[in-house]
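Each chain, letter by letter, is given below.
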Amino acid sequence: MFSAYLENVREKSPLIHNITNYVTVNDVANALLACGGSPIMADDPDDAEEITAICNGLNINIGTLNSRTIPAMFRAGARAYELKHALLLDPVGAGASSLRTNTALNLMKEIKFDVIRGNSSEIKTLASGSGKTHGVDVDKADVVSDENLAFMVEFVKNFAKSSGSVIALTGAIDLASDGEKCFVIRNGRPEMGRITGTGCQLSAIMTAYVAANPENKLEAVAASICMMGLAGEIAFSRLQPGEGNSTYRNKIIDAIYNMDGKTLDEGAKYEVF
Amino acid sequence: MFSAYLENVREKSPLIHNITNYVTVNDVANALLACGGSPIMADDPDDAEEITAICNGLNINIGTLNSRTIPAMFRAGARAYELKHALLLDPVGAGASSLRTNTALNLMKEIKFDVIRGNSSEIKTLASGSGKTHGVDVDKADVVSDENLAFMVEFVKNFAKSSGSVIALTGAIDLASDGEKCFVIRNGRPEMGRITGTGCQLSAIMTAYVAANPENKLEAVAASICMMGLAGEIAFSRLQPGEGNSTYRNKIIDAIYNMDGKTLDEGAKYEVF
Amino acid sequence: MFSAYLENVREKSPLIHNITNYVTVNDVANALLACGGSPIMADDPDDAEEITAICNGLNINIGTLNSRTIPAMFRAGARAYELKHALLLDPVGAGASSLRTNTALNLMKEIKFDVIRGNSSEIKTLASGSGKTHGVDVDKADVVSDENLAFMVEFVKNFAKSSGSVIALTGAIDLASDGEKCFVIRNGRPEMGRITGTGCQLSAIMTAYVAANPENKLEAVAASICMMGLAGEIAFSRLQPGEGNSTYRNKIIDAIYNMDGKTLDEGAKYEVF
Numbered sequence: 001m002f003s004a005y006l007e008n009v010r011e012k013s014p015l016i017h018n019i020t021n022y023v024t025v026n027d028v029a030n031a032l033l034a035c036g037g038s039p040i041m042a043d044d045p046d047d048a049e050e051i052t053a054i055c056n057g058l059n060i061n062i063g064t065l066n067s068r069t070i071p072a073m074f075r076a077g078a079r080a081y082e083l084k085h086a087l088l089l090d091p092v093g094a095g096a097s098s099l100r101t102n103t104a105l106n107l108m109k110e111i112k113f114d115v116i117r118g119n120s121s122e123i124k125t126l127a128s129g130s131g132k133t134h135g136v137d138v139d140k141a142d143v144v145s146d147e148n149l150a151f152m153v154e155f156v157k158n159f160a161k162s163s164g165s166v167i168a169l170t171g172a173i174d175l176a177s178d179g180e181k182c183f184v185i186r187n188g189r190p191e192m193g194r195i196t197g198t199g200c201q202l203s204a205i206m207t208a209y210v211a212a213n214p215e216n217k218l219e220a221v222a223a224s225i226c227m228m229g230l231a232g233e234i235a236f237s238r239l240q241p242g243e244g245n246s247t248y249r250n251k252i253i254d255a256i257y258n259m260d261g262k263t264l265d266e267g268a269k270y271e272v273f
Numbered sequence: 001m002f003s004a005y006l007e008n009v010r011e012k013s014p015l016i017h018n019i020t021n022y023v024t025v026n027d028v029a030n031a032l033l034a035c036g037g038s039p040i041m042a043d044d045p046d047d048a049e050e051i052t053a054i055c056n057g058l059n060i061n062i063g064t065l066n067s068r069t070i071p072a073m074f075r076a077g078a079r080a081y082e083l084k085h086a087l088l089l090d091p092v093g094a095g096a097s098s099l100r101t102n103t104a105l106n107l108m109k110e111i112k113f114d115v116i117r118g119n120s121s122e123i124k125t126l127a128s129g130s131g132k133t134h135g136v137d138v139d140k141a142d143v144v145s146d147e148n149l150a151f152m153v154e155f156v157k158n159f160a161k162s163s164g165s166v167i168a169l170t171g172a173i174d175l176a177s178d179g180e181k182c183f184v185i186r187n188g189r190p191e192m193g194r195i196t197g198t199g200c201q202l203s204a205i206m207t208a209y210v211a212a213n214p215e216n217k218l219e220a221v222a223a224s225i226c227m228m229g230l231a232g233e234i235a236f237s238r239l240q241p242g243e244g245n246s247t248y249r250n251k252i253i254d255a256i257y258n259m260d261g262k263t264l265d266e267g268a269k270y271e272v273f
Numbered sequence: 001m002f003s004a005y006l007e008n009v010r011e012k013s014p015l016i017h018n019i020t021n022y023v024t025v026n027d028v029a030n031a032l033l034a035c036g037g038s039p040i041m042a043d044d045p046d047d048a049e050e051i052t053a054i055c056n057g058l059n060i061n062i063g064t065l066n067s068r069t070i071p072a073m074f075r076a077g078a079r080a081y082e083l084k085h086a087l088l089l090d091p092v093g094a095g096a097s098s099l100r101t102n103t104a105l106n107l108m109k110e111i112k113f114d115v116i117r118g119n120s121s122e123i124k125t126l127a128s129g130s131g132k133t134h135g136v137d138v139d140k141a142d143v144v145s146d147e148n149l150a151f152m153v154e155f156v157k158n159f160a161k162s163s164g165s166v167i168a169l170t171g172a173i174d175l176a177s178d179g180e181k182c183f184v185i186r187n188g189r190p191e192m193g194r195i196t197g198t199g200c201q202l203s204a205i206m207t208a209y210v211a212a213n214p215e216n217k218l219e220a221v222a223a224s225i226c227m228m229g230l231a232g233e234i235a236f237s238r239l240q241p242g243e244g245n246s247t248y249r250n251k252i253i254d255a256i257y258n259m260d261g262k263t264l265d266e267g268a269k270y271e272v273f
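Chains as they are written, first to last, in the numbering used here: chain A, 1 to 273; chain B, 1 to 273; chain C, 1 to 273.
Please keep in mind that the hints were generated in silico from the structure rather than gathered at the bench. Since we're looking at a predicted model, the values are computed, not measured. Accuracy of the hints is not assured; some may be wrong.
[Unchecked claim] Covered stretches of chain B (in silico footprint by chain A; criterion: 3 or more residues with CB under 8 Å from a CB of chain A, positions within the stretch not fixed):
no. : stretch
1   : 14–24
2   : 93–104
3   : 178–192
[Said to hold, decoys possible] Listed below are several chain C residues computed to face chain A (Cβ distance under 8 Å; list not exhaustive):
no. : residue
4   : Pro39
5   : Ile51
6   : Arg238
7   : Leu239
8   : Glu243
9   : Asn250
10  : Ile253
Just so you know, even glycine gets a beta-carbon here, dropped at the ideal spot from N, CA and C.
Whenever a hint applies, use it, and build me the whole structure from the sequences.
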């Protein structure tokens, strides 16, 4: 089922504007190229609006936000929304500082995002307008598990409904909902958390999937999550003795590069609630 | 013929100041080290001028320009010019936004660059003072091919003459001219376009080649283009099944690291018009 | 002896706030994850203070300092000091420009660092309040060797005493002193200097080691230096023909990821003076 979404990305090669953190930006660019999209970065307020206009999607990631890039996020966001581009928010560290929490909440007020993707703490922070996180990682109490799955599915559905955005809450188990349906996805490997930036890469790829599949946003989001998780599984199986998180990082992007529709359809592990 | 240029870089180990984008900056630094140069980055106006003074060359790349780094480009550029350092402009995204186009054009007005290196759209934008690009990639209509080669050689020669800089227009076929001669270079692999930053790496390496070979700038530029393309060919031949653009990135830098004069002389594919 | 220090990092997984340069920041994050710590980056003055409060350590690296991030360094530093977090300064390029030298010296005046880690030129600059460096690399005249070892040990001890910080002067031979004892460490490979950022990675890891071992700061610093150098040795032994500095970079982080206490204890090469 998801193969068509992947193939649309490879065919249309959407150009994605990323206003993103400088920690993982190189991996974001290479992951976008690997999945079939094309990246461009511009974060000056006087540049971002014009650059976003020539793109197909905008990925806003607040991982290293600052006083200069925040206005660029608002200006590019407004322009991209006007142009009906695919619009995604990755609220890195929302809940860890008031600047991050408030910026994310204000962006949500001013711009209607197609998708908001974050870990459990970040999504909970945005849903409640407050919260506490352990750095940029999810609070252990917040992890989605089989025990709290029904509750979390309901929570994500409700937040999707109230926000009007597809909500993608990713972790050991990934959830994606548009308020009606909720995908519960079990691809991926825990070792992906020992690499910086797999979440940032996913957000960029997800933006490309939504840009290339505008009629089925929720499915496009779910497809990108399965694809990324599956790439993590394939890369893990290709690790040799003595290899660690740095080589794993490279092999994940390689696996995205080599992913095809058949592999994705066979490897995707999800249920719909 | 080009081996002497490579060996000069390895012997003199020129220190190159890079005011460059944060997307590919790590690869730029490692590529410079791989080719035999030494990198330093500084982009605050109050730092860049003093830092550039202790260097042998300055590589200005406008890929993620902003209101703080633009003045640093002008100040460092003026100082480096005064000190007769190797001076290169990489006008990333010129034509994609007015900030980028205007900054590149204004830099050219205020500073005489030894080399301007860009893709076809960027170079055309600067030559005409206007233009449109598809993000940071070349417009398809602009690609140098055997069909339009004679026209493009003439175009590049003319722009080199009028600008007073060596013009390096890189793509599937690379052109480099000082206004008199034009190198037409056919090294490289199309897959290099699926990695972010091979162009940025080349610009930094090119600056090192010019800094280490100040008497023969055009040949130094051509040598660096052949070397980079050849590294892309060698790295491609070393790819294993299952590997993709992330491993390819690493193997290209590895191939630069291991390049020697004999390999370069034997592998360089160029004609002079 | 050092195994306990390593294991404390893996057990406590300290969260380290890095205000660092954008050249090597991705490797810094992956190296921190590899050693068992957890990274977070925040460099806006309005974000850094609050972010540092939820962390266990703060690593300030001035490699690409600017007018916006310098105030963030001071504010986060003051807050982290108040909270008794592990505090490290990496004065990249001190001596190469007055902005860098003055910022490092002013940070030392306002904040009492647990550790200052730099190369010989940087440390000498800070010790004397002036100096000259060849870019971000050490002046050749400054290299610690068997010839000047006794002198350099005394120098580092004295600077540690006068500054009240553990001084880690790293290079071909590494020195670490608290003013009383001085570790002389001979792990590592010269080829590590052909990769950008091994020093930056070490500073971040060192901060994690001090955060996880607050009772024995000097030993924690020495353990992290041995660990990093040993990772460089192991990675070097794993290099295949045709591989270069880019693959070496990945294999070093992989070796940090796979390092265990027994390997560290058996591989650490040091004397105490």
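Double-check Asn250 of chain C for me: the hint is only fine if its C-beta lies closer than 8 Å to a C-beta in chain A. With Cβ-Cβ at 4 Å, under 8 Å, it holds.
Are Glu243 of chain C and chain A close enough, Cβ to Cβ, to be under 8 Å, as the hint says? With a minimum Cβ separation of about 12 Å from chain A (threshold 8 Å), the hint on Glu243 of chain C is violated.
State whether the coverage of the stretch 178–192 of chain B by chain A holds or is violated, taking the criterion as 3 or more residues with Cβ-Cβ distances under 8 Å. Since three or more residues must qualify, the claim that chain A covers the stretch 178–192 of chain B is violated, with 0 doing so at under 8 Å.
Evaluation of the interface hint that places Leu239 of chain C against chain A, nearest CB under 8 Å: At 12 Å from the nearest chain A Cβ, Leu239 of chain C fails the 8 Å test, so the hint is violated.
For the hint on Ile51 of chain C, does the least C-beta distance to chain A fall short of 8 Å? holds (5 Å)
Supplied contact hint for Arg238 of chain C, tested at 8 Å Cβ to chain A: holds (6 Å)
Do the numbers back the hint for Pro39 of chain C, that is, is its least Cβ distance to chain A under 8 Å? At about 7 Å, which falls below the 8 Å cut-off, the nearest Cβ of chain A leaves the hint on Pro39 of chain C intact, so it holds.
Mind checking, does the stretch 14–24 of chain B have 3 or more residues with a CB under 8 Å from chain A? That given contact holds, which follows from 4 residues of the stretch 14–24 of chain B lying within Cβ reach (below 8 Å) of chain A.
Can Ile253 of chain C be said to touch chain A, with a Cβ gap under 8 Å? holds (4 Å)
Outcome, coverage hint (the stretch 93–104 of chain B, chain A; C-beta under 8 Å; three residues): holds (count 6)
In summary, the numbered hints that this structure violates are 3, 7, 8.
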